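2 protein chains.
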Amino acid sequence: MVEVQNKRVILKHQLSGFMKETDFEIMVGSVKLGVGDASNAVLVKNLYLSCDPYQRSLLTTPGSPVPGFGVGKVVSSSHPGFEPGDLVWGMTSWEEYSLIIEPKILLKIEHADMPLSFYTGLLGMPGFTAYIGFFKKGAPKKGETVYVSAASGAVGQLVGQFAKLHGCYVVGSAGSKEKVDILKEKFGFDDAFNYKEEPDLEAAIKRYLPDGIDIYFENVGGKMLDAVLPNMKTGGRIVVCGMISQYNLSGHEGVQNLIYLIRTSIRMEGFRVMDHYHLHPKFLDMVIPHIKEGRINYLEDFAEGLENGPAALVGLFHGRNVGKQVVVISRE
Amino acid sequence: MVEVQNKRVILKHQLSGFMKETDFEIMVGSVKLGVGDASNAVLVKNLYLSCDPYQRSLLTTPGSPVPGFGVGKVVSSSHPGFEPGDLVWGMTSWEEYSLIIEPKILLKIEHADMPLSFYTGLLGMPGFTAYIGFFKKGAPKKGETVYVSAASGAVGQLVGQFAKLHGCYVVGSAGSKEKVDILKEKFGFDDAFNYKEEPDLEAAIKRYLPDGIDIYFENVGGKMLDAVLPNMKTGGRIVVCGMISQYNLSGHEGVQNLIYLIRTSIRMEGFRVMDHYHLHPKFLDMVIPHIKEGRINYLEDFAEGLENGPAALVGLFHGRNVGKQVVVISRE
Chain A
8 MVEVQNKRVI LKHQLSGFMK ETDFEIMVGS VKLGVGDASN AVLVKNLYLS CDPYQRSLLT
68 TPGSPVPGFG VGKVVSSSHP GFEPGDLVWG MTSWEEYSLI IEPKILLKIE HADMPLSFYT
128 GLLGMPGFTA YIGFFKKGAP KKGETVYVSA ASGAVGQLVG QFAKLHGCYV VGSAGSKEKV
188 DILKEKFGFD DAFNYKEEPD LEAAIKRYLP DGIDIYFENV GGKMLDAVLP NMKTGGRIVV
248 CGMISQYNLS GHEGVQNLIY LIRTSIRMEG FRVMDHYHLH PKFLDMVIPH IKEGRINYLE
308 DFAEGLENGP AALVGLFHGR NVGKQVVVIS RE
Chain B
8 MVEVQNKRVI LKHQLSGFMK ETDFEIMVGS VKLGVGDASN AVLVKNLYLS CDPYQRSLLT
68 TPGSPVPGFG VGKVVSSSHP GFEPGDLVWG MTSWEEYSLI IEPKILLKIE HADMPLSFYT
128 GLLGMPGFTA YIGFFKKGAP KKGETVYVSA ASGAVGQLVG QFAKLHGCYV VGSAGSKEKV
188 DILKEKFGFD DAFNYKEEPD LEAAIKRYLP DGIDIYFENV GGKMLDAVLP NMKTGGRIVV
248 CGMISQYNLS GHEGVQNLIY LIRTSIRMEG FRVMDHYHLH PKFLDMVIPH IKEGRINYLE
308 DFAEGLENGP AALVGLFHGR NVGKQVVVIS RE
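Protein chains in written order, with our numbering: chain A, 8 to 339; chain B, 8 to 339.
Okay, chain A solo, but in the shape it has when bound:
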């Protein structure tokens, strides 16, 4: 069996607080280009890797490559669902080649006319997260008001566009003027603001949504959630998708305004997108025509090469990315 070089991004030690580039190292090993005797195994050549906030919670095993979503091409397979040459997306590792045994989340790419990198975002886990969260958990009605935090991120930018397509009024927040401009000009948000320039977040939200919020799509947590709760309308829904402000803290910020759940009959619901993948084909049927006909825009931020992966991942927690952060291993 042919053996080739396999470059990997390894977690050096347990993380503490905000992750840093020096928590990772690039190591070069080798890999046999076959699944060998392993049953239900797939050897994947990784092409694009996805940087997602939730990865913070997976980084617990020093010495292992960074786990995460990615797009790849099957090199060898003993799994009945995959053949060499298949394009796939799903859970993989930050390395050139991954041997995935008993894959749990690995889907064949049926619509290969779309850019492959889209399967790390728009068409993959983040886009599907936006879809399940907004439509299934948010239960939106035409004319309702929607507020999205971390709105220029991989999930937020799509939630806002789904909400507009559904006839909602959408406001987003992000952490720079550049991102705020993109929200309004590229993604069609009705309004947007830079949360870093608002000393009183609760008042800022009130200014942009004076009649209150029907659906809050939560990507941030902590102080942002506290500022949102008094601004919710009666019967409002909070879709809890992520809490990026909290992932690097050892003790989480306390949320003080939960009493509003009672006062205004709010439903607040978290979800794991992994419980919903059976609906992914339905999602693609909905979203691909919107993309092809120009009704959905999408912004990617590419880091070139595995070597630049750690900086891209770290940058996510400082808002350095503009749009979906992708690491390109190979464009083949």
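It is worth saying that the hints were derived from the structure and are not from the lab. In this text, all values refer to a predicted model and were calculated from it rather than measured experimentally. One thing to keep in mind: the hints can contain errors.
No copy is singled out in the list; a pair is fine if it fits within one copy or between any two copies.
Straight-line distance between alpha carbons at most 30 Å, and here's what the computed DSSO-like set of lysine-lysine pairs gives [what the hints assert, rightly or not]:
(1) K148 x K39
(2) K240 x K111
(3) K230 x K240
(4) K203 x K39
(5) K213 x K52
(6) K299 x K240
(7) K80 x K111
(8) K240 x K143
(9) K299 x K230
(10) K115 x K203
(11) K171 x K39
(12) K115 x K39
(13) K149 x K80
Could you slot chain B onto chain A? The hints should help.
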């Protein structure tokens, strides 16, 4: 028109922190025993008053009588829905006679064969709150596990019994050995514990519900909620009914474990029982046969006379009551 004495419990000044008996005073005025020219008005002779935690938030107008739920008898009415002699329950004030103009929550008592005081609790707002919260928001399934905090209170004792009747496994917590014994012996909880004797609440809940909680009925808030969140099962529901631990605090305790909403797909939902009163007759049809046939027990704690009202209300926030706290003005 006959004029008679009208004793009242008046809020003396704005509350700050925990309420005290000295925040209230008894004043004796007079009242005309008729509605006069007021249209859609009902003059009610108050018989039983209800002490409920949510009243803390209504106590904002010094010089006014304490607002709250009660049971009374109509003395005079210009409202088409009520006649002199009708027994009623709903929003009234802490005084012997109340002139209620344009009543919003005032219901005629159709089942007068039940003890009238039950309409401050079991058959009134708290019982109906338990019903709506548990069945409509909790969406219970047979065999599920239920945890109730402040379980011996007016709402909690009924949630536990509804859960048992529905085939669930129910654990409750309360603040004394006496209350814990009552939960197990009188209300049929499968198990119960004294939260004051548990230095590690999260571990205590884990001990009593090692496989996790499907439905948490939240009456307490703050640290209790933080201890519950890591103990929820995937797909669990938190019915947010009250947060008695928070009502007397000027700054609320921060809840740190909301990340579990995502990790275990939890739905957390608050509600206002006032939005559901159209279902009250259906509730009575369900609960009255259970009471008559001895399948539901109910415990009341009576304070005799308006003069003892402030102490009874204050006592609620220190857990002094055992069962539903009622103030008796008149048993007539």
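| message | Run through the hints listed earlier and report the numbers of any the structure violates, in increasing order. | response | 1, 4, 5, 6, 9, 10, 11, 13
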